[in-house]
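A.B. asks: What follows is each chain in one-letter form.
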Amino acid sequence: MPRSIQINESGELVHLLTTEGIPKALMLRILDRAKAFLDPKNPKEVVNAPLLDGKSVFNLFFENSTRTRTTFEIAAKRLSADVVNLNVQASSTAKGESLLDTIDNLAAMKADMFVVRHGQSGAPTLIAKHINKVAPHIRIMNAGDGRHAHPTQALLDAFTIRHFKGDFQHLRVAIVGDILHSRVARSNIHALTTLGVPEIRAIGPRTLLPSGLKELGLQVYTDLSEGLRDVDVILTLRLQNERMRGAMLPSTQEYFKNYGLTADRLSVAKPDAIVMHPGPMNRGVEIDSAVADGSQSVILSQVTFGIAVRMAVMSMLAEARH
Amino acid sequence: MPRSIQINESGELVHLLTTEGIPKALMLRILDRAKAFLDPKNPKEVVNAPLLDGKSVFNLFFENSTRTRTTFEIAAKRLSADVVNLNVQASSTAKGESLLDTIDNLAAMKADMFVVRHGQSGAPTLIAKHINKVAPHIRIMNAGDGRHAHPTQALLDAFTIRHFKGDFQHLRVAIVGDILHSRVARSNIHALTTLGVPEIRAIGPRTLLPSGLKELGLQVYTDLSEGLRDVDVILTLRLQNERMRGAMLPSTQEYFKNYGLTADRLSVAKPDAIVMHPGPMNRGVEIDSAVADGSQSVILSQVTFGIAVRMAVMSMLAEARH
Amino acid sequence: MPRSIQINESGELVHLLTTEGIPKALMLRILDRAKAFLDPKNPKEVVNAPLLDGKSVFNLFFENSTRTRTTFEIAAKRLSADVVNLNVQASSTAKGESLLDTIDNLAAMKADMFVVRHGQSGAPTLIAKHINKVAPHIRIMNAGDGRHAHPTQALLDAFTIRHFKGDFQHLRVAIVGDILHSRVARSNIHALTTLGVPEIRAIGPRTLLPSGLKELGLQVYTDLSEGLRDVDVILTLRLQNERMRGAMLPSTQEYFKNYGLTADRLSVAKPDAIVMHPGPMNRGVEIDSAVADGSQSVILSQVTFGIAVRMAVMSMLAEARH
Numbered sequence: 001m002p003r004s005i006q007i008n009e010s011g012e013l014v015h016l017l018t019t020e021g022i023p024k025a026l027m028l029r030i031l032d033r034a035k036a037f038l039d040p041k042n043p044k045e046v047v048n049a050p051l052l053d054g055k056s057v058f059n060l061f062f063e064n065s066t067r068t069r070t071t072f073e074i075a076a077k078r079l080s081a082d083v084v085n086l087n088v089q090a091s092s093t094a095k096g097e098s099l100l101d102t103i104d105n106l107a108a109m110k111a112d113m114f115v116v117r118h119g120q121s122g123a124p125t126l127i128a129k130h131i132n133k134v135a136p137h138i139r140i141m142n143a144g145d146g147r148h149a150h151p152t153q154a155l156l157d158a159f160t161i162r163h164f165k166g167d168f169q170h171l172r173v174a175i176v177g178d179i180l181h182s183r184v185a186r187s188n189i190h191a192l193t194t195l196g197v198p199e200i201r202a203i204g205p206r207t208l209l210p211s212g213l214k215e216l217g218l219q220v221y222t223d224l225s226e227g228l229r230d231v232d233v234i235l236t237l238r239l240q241n242e243r244m245r246g247a248m249l250p251s252t253q254e255y256f257k258n259y260g261l262t263a264d265r266l267s268v269a270k271p272d273a274i275v276m277h278p279g280p281m282n283r284g285v286e287i288d289s290a291v292a293d294g295s296q297s298v299i300l301s302q303v304t305f306g307i308a309v310r311m312a313v314m315s316m317l318a319e320a321r322h
Numbered sequence: 323m324p325r326s327i328q329i330n331e332s333g334e335l336v337h338l339l340t341t342e343g344i345p346k347a348l349m350l351r352i353l354d355r356a357k358a359f360l361d362p363k364n365p366k367e368v369v370n371a372p373l374l375d376g377k378s379v380f381n382l383f384f385e386n387s388t389r390t391r392t393t394f395e396i397a398a399k400r401l402s403a404d405v406v407n408l409n410v411q412a413s414s415t416a417k418g419e420s421l422l423d424t425i426d427n428l429a430a431m432k433a434d435m436f437v438v439r440h441g442q443s444g445a446p447t448l449i450a451k452h453i454n455k456v457a458p459h460i461r462i463m464n465a466g467d468g469r470h471a472h473p474t475q476a477l478l479d480a481f482t483i484r485h486f487k488g489d490f491q492h493l494r495v496a497i498v499g500d501i502l503h504s505r506v507a508r509s510n511i512h513a514l515t516t517l518g519v520p521e522i523r524a525i526g527p528r529t530l531l532p533s534g535l536k537e538l539g540l541q542v543y544t545d546l547s548e549g550l551r552d553v554d555v556i557l558t559l560r561l562q563n564e565r566m567r568g569a570m571l572p573s574t575q576e577y578f579k580n581y582g583l584t585a586d587r588l589s590v591a592k593p594d595a596i597v598m599h600p601g602p603m604n605r606g607v608e609i610d611s612a613v614a615d616g617s618q619s620v621i622l623s624q625v626t627f628g629i630a631v632r633m634a635v636m637s638m639l640a641e642a643r644h
Numbered sequence: 645m646p647r648s649i650q651i652n653e654s655g656e657l658v659h660l661l662t663t664e665g666i667p668k669a670l671m672l673r674i675l676d677r678a679k680a681f682l683d684p685k686n687p688k689e690v691v692n693a694p695l696l697d698g699k700s701v702f703n704l705f706f707e708n709s710t711r712t713r714t715t716f717e718i719a720a721k722r723l724s725a726d727v728v729n730l731n732v733q734a735s736s737t738a739k740g741e742s743l744l745d746t747i748d749n750l751a752a753m754k755a756d757m758f759v760v761r762h763g764q765s766g767a768p769t770l771i772a773k774h775i776n777k778v779a780p781h782i783r784i785m786n787a788g789d790g791r792h793a794h795p796t797q798a799l800l801d802a803f804t805i806r807h808f809k810g811d812f813q814h815l816r817v818a819i820v821g822d823i824l825h826s827r828v829a830r831s832n833i834h835a836l837t838t839l840g841v842p843e844i845r846a847i848g849p850r851t852l853l854p855s856g857l858k859e860l861g862l863q864v865y866t867d868l869s870e871g872l873r874d875v876d877v878i879l880t881l882r883l884q885n886e887r888m889r890g891a892m893l894p895s896t897q898e899y900f901k902n903y904g905l906t907a908d909r910l911s912v913a914k915p916d917a918i919v920m921h922p923g924p925m926n927r928g929v930e931i932d933s934a935v936a937d938g939s940q941s942v943i944l945s946q947v948t949f950g951i952a953v954r955m956a957v958m959s960m961l962a963e964a965r966h
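Protein chains in written order, with the numbering used here: chain F, 1 to 322; chain C, 323 to 644; chain Z, 645 to 966.
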């Protein structure tokens, strides 16, 4: 198995930075472990397991996100870890300290794991490379970095798809929206390709579709109804308000008219297609309320499974040898 | 026993939204439970009891209040719950997500209890109605909503009165100040009436007295000395600085002159009358320091009892069947 | 042993407000206790010890400092305490409540320990005097107050010096930088003098050297190379950016030229001299990166030892009779 910055010589995950390059077997191991954190009698319930008892998880959020931070905090606490929340933009970096000095200092406080959210693509990887040199027992989890990756989101999406669809081998998955700026889309494309999804479609306005999608094996559509035809899974992306204010899109009304997921549009997908969204939703922009709250929506299951998936990754990282 | 949104068919409390409509027997059960959380040898000490071990309490503060949040956090931790603090105005709602989407998401993270503070009257009730449909195992506690209610404050006030006065049957209670805008006053009037206080007086400037007080059975006074005559309990309300800046009041000096509780004014009450305040106090505005720190003040006991009362409500909510 | 506000009749530490006046034997007891919290097989590892199980530690930060708050939070959690973080400037004081009212309220919530950071010199002492009257079981730890004191920093510096140098009896220690405004310098001077360091040097520009240093037994230098000659320990102080913007210093470049610790400057110290810094560092201002990251730097050891020292003080305070 190829060794990388996030995988050690024994093939164990030592950091989670990106879904790119994680072997299929390891990815499935994460999903299986996550499943073990759900109550077998009630798969909507997450169990507690004191696997991180006595360990300290630091949430380092250089970019504010209460919701994402909470999911990691809950996951860590269900594993009995101590959790320290650090809103880092408000602190040391404001005093002019460098990113790596901040990391060195927190590492010296005897952290066991850093959950890192950062506006700059690559920041968690930079931190992991540095930590591997100075404090190799510390694990890094990427909670979203710039436009680069959001691996726990992709893994929980994969978990949700497998939960509702059984496997990945015969699926058509559509990713809809602002794929250009989306770390969620990027991480999903790598994960779903690795897991064996035979057909992934990218749907969005031309200005929000990056080049290179076809090279990744995707089929590209600019027409929503065409792209949704006969799909099994729809991953709706959040439209960032920032984009709207820029020149990239005319207006949210216009966007909804062309790319908003309505019941009508959904009807061209397979009758048992599931609708997913990473949250928070812009109702009436990328998704209509009738769909968001409809019987095909599995959006809230994603949230619950997200706790189990984060517990899975955290416990596997803690077990890996360094 | 009448079933309501906060009381189930067995008469158990499933949410705490308002003191209005809580039967006397149930209210007394809360006070008795709270008493059990005080050290019998030293009623100023709150004991620990792991009744919420493994449960997650989310503090959802849509309106900032470090002090109130801390009292709920302490109460939950003394019951061994995991506590997650969410300063919600800073997060998802800023991203344009609706209140109920935020609630759905947090519910899907497997919360067991939401403590909700919100600037809008009725928000916790709206949340409870929604939760009863989508996640009925989750309990809602109102930590103050607009001008509507602050039920834990009223219950801790009732506890304090019973602690110092023995019962409610023969008391004259005066509520002094800005009753118009006060959720504390509103919740206290409902609680004390239910508990059998025979005489409740409302005292304040005409502009800060709502209509309808007489219909609630209260006696209304605009003269402080007259209103305080022979009372057993004085509930002093905090004067919101915002009111001062509005047209409703001439100045804090003027307010203090007419409605500030001084030792001189206090002397017309019964000699063993107790002085209460929900905090934080404006010394020299609604209360003079000599009274705030005087021998009749039980203001700090209110704070301690508040921890026990919140523990009582939390543990009763957790035990109720849904 | 002289009784003081921070030492009881039995000579036990009941608060930690300043290193001034702490007897040598007690100071050494703190350092020995801290050593017991390091793994004997790996002195870079801090162990867990449930000595504060069931106790509540409140971090009261009237002045924001995420890093310092985190060190106390980690120390308290390693002792199994419940930790409540209060960013106090954002809360009650904004509502016009007095400092002591805030303290009384938090005390009534049944805290066991307050860690206090405050911009005003003397605030923690004021709080301790008040607490001794109203709630003598509560312990106060000063986490930095104005220009007055930062005792845990001085104790962890002493611990670091003893760790690397064996004892204090034959050392030459240089403190370099803005000594005038530095609570770290002040607390270190008292601690190191008590512990028997025979020669302490103060080095800095004349405008940043307070009067009275010679009376404290220090040798004063305005020339860095001269002051560093043959020293065993260099305590580099952080240059506050505020100073730079004031009239006190021409520019950071100018400061670095004259007082920045470079490898060249360091070479006049003893070959095995250690370099310390309380953090966060301004690289290229008071210290050059080659020195900060060099083999003589023990800056990150200071951070780790700081956790153990804070655990030591917390556990000793908790054990003391009141």
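Honestly, the hints are just simulated from the structure, not real lab data.
Just so you know, these numbers come straight off a predicted model, no measurement behind them.
One thing to keep in mind: the hints can contain errors.
Stated by the list, open to error - In silico EDC-like pairs for lysine to aspartate or glutamate, Cα to Cα no more than 16 Å straight-line:
id	chain 1	residue 1	chain 2	residue 2
1	F	K77	C	D434
2	C	K399	Z	D697
3	Z	K699	C	E367
4	Z	K721	F	D53
5	F	K133	Z	D697
Claimed, not checked - Not close to chain F: a few residues of chain C, all C-beta gaps over 12 Å, as computed:
id	residue
6	D404
7	N409
8	R484
9	H492
10	L502
11	V607
Unchecked claim - A few chain F residues that face chain Z, going by a derived Cβ cut-off under 10 Å, partial list only:
id	residue
12	V84
13	P136
14	M316
We put the CB at the ideal spot given by N, CA and C, even for glycine.
A.B. asks: Mind listing which of the numbered hints don't hold for this structure, in increasing order?
C.D. replies: 5, 6, 7, 13, 14
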